[in-house]
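Colleague: With chain A's structure known, arrange chain B on it following the hints.
As you go down the protein sequences, you meet chains A and B in turn.
Numbered per my numbering, the first sequence spans residues 1 to 83.
Numbered per my numbering, the second sequence spans residues 1001 to 1130.
Calculated directly from the structure, the hints in this document are not laboratory data.
One or more of the hints may lead you astray.
As the list claims (entries may be wrong) - Listed next, the stretches of chain B that the computed footprint assigns to chain A, with coverage defined by at least 3 CB atoms under 8 Å from CB atoms of chain A: (1) 1035-1041; (2) 1050-1059; (3) 1093-1101; (4) 1105-1117.
Computed from a predicted model, the values in this text were never measured in an experiment.
All C-beta atoms, glycine included, are put in the ideal place defined by N, C-alpha and C.
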Amino acid sequence: MVTAAEIEAGVAIAEAIVSAIVRVAPAIQQGVVSSLPYVQAIAGLIQGTNATQEQIDATLAEINAATDAFLKPLPPDDGATTT
Amino acid sequence: MRKLFALAAMICGLALAGCQTTLPSLNISNAVALNTVYGIENAYGIAVNAANAYKALPLCATGTKPSATNICAKRSVIVNLQSAMSRARLAVNNAVAFQKTYPTLDVTNVVAAAQAALNDVQAVLVSGAN
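Next up, chain A with everything else stripped away, as it sits in the complex (with noise of 0.2 Å):
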C-alpha cells in the first residue's frame, strides 16, 4: 500500500518533472491523454483492484512499443540541432 508520505514524497519530484516539461503544451498534452490508461491501472491497484497475467502481457506489449516508437534514431545533425 502506498502510504501519504511516499505520495507526497512522489509530489515533490513531479512537481520538478512537470514544471519542467509541461510547458511545452502540445506534445505533453498528447502524452499525458496516452497516459490515462497506465494512470487508471495505478488508480485501481491503490484501491485494491489485483493484476491478472493476462493485463500484464497486454500492458508490456504496449509499453514495447511505445519504446520502439521512442529508440527510433533522430534524424541526422547537421550542425543547426546539435545542442
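Modeller: Frame of chain A, contents of chain B only:
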C-alpha cells in the same frame, strides 16, 4: 486543469516507481507479485509516454536552451533518454519474465532493478529543462 492532471499522473506513477522505498509484502502470494509487476509496468508506461512527448518537440537550435518562449527538446537529452529508456525496458521485461517463470518467488530484486532504471529515466527527463 492540464497541469493538475499531469501532476496526478506523475504522482501515481512515481509513488509506485521511483519514490516508493518500501515495497508491499512481495513474497507471500502470487497476487502481490502480479500487482507489484503490474504497478511498475504502468509507471514505466507513463515514463515512456512522457519521453515520447518530449521527443515530439522540435529540436533546440544549436546553442539555445529550452524556455517558455523557446519550446524545444535538446538532442543530447533525447539521446541520453534513449539509453536510459532502453535499460528501463530491459529491466521491466526482466521483471515480467521473472514473475511469469517463478510465480511464487520473491520479485523484490527484479522490481528494484526496474525502479532504479526508472529513476534514471526520471533524472534525465528532469535534466531536459535545465
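Colleague: Please name the hints from earlier in the document that this structure breaks, with their numbers sorted from lowest to highest.
Modeller: Number 4 only.
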